[in-house]
Amino acid sequence: MNNESMTRELVLPGDLLDDGTMKPGEGTFVSDGKIFAAMLGIKSVKSNFVNVIPLGGRYIPAPGDMIIGKVIDIGPSNWLVDIFSPYPAPLHVNEVPWRVEFGDTARYLSVGDTLLAKVLSVDETKRVQVTMKEQGLRKLQGGQIVEISHSKVPRVIGKNGSMIQMIKTYTNCRIFIGQNGRIWMDGNMEDMVHAMQAIKMIDEGAQTLKLTERVKEFLESVYRKEE
Amino acid sequence: MGGNSDMKLIDENGIRIDGRKVDELRPMKIEAGVLKSADGSAYVEIGKNKVLAAVYGPRECHPRHMQNPAKAIVQCKYNMISFSVSDRKRPGPDRRSVEISKLISEAMEYVVFTENYPRTSIDVYIEVLQANAGTRCAGLVAAAVALADAGIPMKDLVPAVAVGKVNDQVVLDLNKEEDNYGQADLPIAMIPRTGEVLLMQMDGHLTQAEFDQALEMGVRACHEIYALQKDALRRRYAIVNGEAEEEPKEPAEDVIEEA
Chain A
1 MNNESMTREL
11 VLPGDLLDDG
21 TMKPGEGTFV
31 SDGKIFAAML
41 GIKSVKSNFV
51 NVIPLGGRYI
61 PAPGDMIIGK
71 VIDIGPSNWL
81 VDIFSPYPAP
91 LHVNEVPWRV
101 EFGDTARYLS
111 VGDTLLAKVL
121 SVDETKRVQV
131 TMKEQGLRKL
141 QGGQIVEISH
151 SKVPRVIGKN
161 GSMIQMIKTY
171 TNCRIFIGQN
181 GRIWMDGNME
191 DMVHAMQAIK
201 MIDEGAQTLK
211 LTERVKEFLE
221 SVYRKEE
Chain B
228 MGGNSDMKLI
238 DENGIRIDGR
248 KVDELRPMKI
258 EAGVLKSADG
268 SAYVEIGKNK
278 VLAAVYGPRE
288 CHPRHMQNPA
298 KAIVQCKYNM
308 ISFSVSDRKR
318 PGPDRRSVEI
328 SKLISEAMEY
338 VVFTENYPRT
348 SIDVYIEVLQ
358 ANAGTRCAGL
368 VAAAVALADA
378 GIPMKDLVPA
388 VAVGKVNDQV
398 VLDLNKEEDN
408 YGQADLPIAM
418 IPRTGEVLLM
428 QMDGHLTQAE
438 FDQALEMGVR
448 ACHEIYALQK
458 DALRRRYAIV
468 NGEAEEEPKE
478 PAEDVIEEA
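Keeping their order, the protein sequence lines are chains A and B. Counting with my numbering, you get residues 1 to 227 for the letters of the first sequence. Counting with my numbering, you get residues 228 to 486 for the letters of the second sequence.
Hints should not be assumed to be uniformly reliable.
Over 12 angstroms on every C-beta distance to chain A, these chain B residues come out as not near it, computed from the model [as the list claims (entries may be wrong)]:
1) Gly284
2) Val339
3) Val372
4) Lys382
5) Thr434
6) Glu437
To spell it out: a stretch of chain B is covered by chain A in this simulated footprint if at least three of its residues, at any positions, have a beta carbon under 8 angstroms from a beta carbon of chain A; those stretches are [said to hold, decoys possible]:
7) 325-337
8) 344-352
9) 399-405
Chain A regions said to be covered by chain B (calculated; three or more residues, Cβ under 8 angstroms) [to be verified]:
10) 84-97
11) 103-115
12) 191-204
13) 214-224
Calculated directly from the structure, the hints in this document are not laboratory data. All of these numbers come straight from a predicted model, not from anything done at the bench. Don't be surprised by glycine CBs; every beta carbon is placed ideally from N, CA and C.
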């Protein structure tokens with residue numbers, strides 16, 4: 001890795017990123033041959049591409065993303081799923097692991113159900129389709145949902161899953177993280193409260209130094225008290 | 228616009244009634260991210276003006292017929308609170324606020340990369356808490372900061388300022404008295420980097436020479452305001468700067484994990 005990719009610099013919309021030696025990546029735009037930041041975020045350079053990593057904003061679905069959705073409407077041959085994004089996503093009966101008769105959709109999933117799904121396709125007008133026809137994808141029974149900004153999902157997971165692994169070991173909760181910023185968890189009531197607090201901590205301090213250590217300290221302190 | 232008023236608004240030394248020089252801005256304060264429930268927000272004080280802006284979206288466009296399959300629409304709503312002026316303002320939209328809402332929507336629509344979010348709407352709510360001339364400019368300044376705070380992709384921040392003519396002199400950033408009894412009012416909003424003008428209106432009369440002078444003065448002031456807008460956003464995200472951890476980039480299959 002080169003030195004450039006290690007620098008972390010806050011950029012604002014309209015800030016000059018590079019005057020043409022690099023290639024424009026995500027969150028940037030080109031004007032007069034120069035590259036500018038299109039949004040508020042952190043500048044990052046990867047293999048000759050300048051990118052801006054956003055600090056907020058809404059989740060925009062991309063094919064292949066694992067997401068946690070909520071059923072908001074039922075049709076005769078599909079369900080409408082809210083995926084925590086500006087675009088609702090239909091889930092067709094052909095895309096579920098069960099054999100569903102026409103008009104029999106409500107027997108399998110009803111309004112308010114939470115499901116683990118995958119984004120199947122997104123067309124140019126951002127019409128989204130989701131699927132559950134893959135291993136591991138299913139309806140989530142029980143548990144609780146926490147919603148955070150999708151841009152903070154990588155922080156909650158941590159390097160090679162270190163952060164989430166730590167929360168799981170301490171709290172003994174089952175946790176799923178959707179790419180859309182929804183987190184599902186199930187476990188003891190008290191454990192879930194602690195896990196939720198830890199996630200809130202990460203959400204608020206996503207860009208601060210030594211976050212993993214602080215979350216560890218927090219978890220250690222609450223579990224020491226209980227023993 | 229009082230036209231030929233005999234009110235003396237500038238003294239012999241070129242000092243205005245509030246003690247400013249002709250090319251001086253009012254004291255300005257900008258704060259980003261002041262509201263928790265909105266996606267982005269900003270609070271702006273320009274002299275006695277107090278303006279709050281909140282941004283929601285991009286979200287599903289509500290009256291479906293207003294959706295654009297190719298791009299997002301920007302809907303701004305400018306509103307003056309009933310206690311924002313000395314006589315109670317009758318609440319609700321009126322001719323003036325509808326005009327200003329449209330003007331600001333069109334200015335913001337030009338800077339936002341609307342094609343990134345087809346079929347959605349980006350809603351900006353501007354509330355004037357206290358008015359003292361130049362609220363449309365203050366509203367625009369706040370709206371631009373709030374949009375950036377919401378993480379919406381845009382070409383640049385938008386500064387705006389009003390220039391006017393008072394006692395036959397071109398002056399910057401009119402206050403209430405100068406606006407009411409002056410001879411002209413010229414609000415300007417622009418993209419500082421390219422010099423593109425996003426909003427310009429003129430009330431009253433200016434000669435060509437005066438107009439050129441006013442524009443030049445406005446452009447200079449816009450750059451000043453632009454610096455303040457950037458500073459507000461930098462302050463809001465200060466923790467980010469310099470002390471962040473490395474970005475963990477994990478393979479996609481790691482995203483969903485089970486204990």
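Now for the hints, and whether the structure bears them out:
1. Gly284: violated (7 angstroms)
2. Val339: violated (9 angstroms)
3. Val372: At roughly 10 angstroms from the nearest Cβ of chain A, Val372/B sits no farther out than 12 angstroms, so the non-interface label is violated.
4. Lys382: Label violated. Min Cβ-Cβ 6 angstroms, cutoff 12 angstroms.
5. Thr434: Answer for Thr434/B: holds, closest chain A Cβ roughly 34 angstroms.
6. Glu437: Given a closest Cβ separation of 30 angstroms, the condition holds.
7. 325-337: Coverage by chain A is violated for the segment 325-337 of chain B (0 residues, Cβ < 8 angstroms).
8. 344-352: With 4 residues closer than 8 angstroms to chain A, the segment 344-352 of chain B meets the three-residue bar; holds.
9. 399-405: violated (count 0)
10. 84-97: holds (count 3)
11. 103-115: With 0 residues close enough to chain B, the hint is violated.
12. 191-204: Not satisfied, violated; 0 residues make the cut.
13. 214-224: violated (count 0)
The structure fails to meet hints 1, 2, 3, 4, 7, 9, 11, 12, 13 from the earlier list, while all remaining hints are met.
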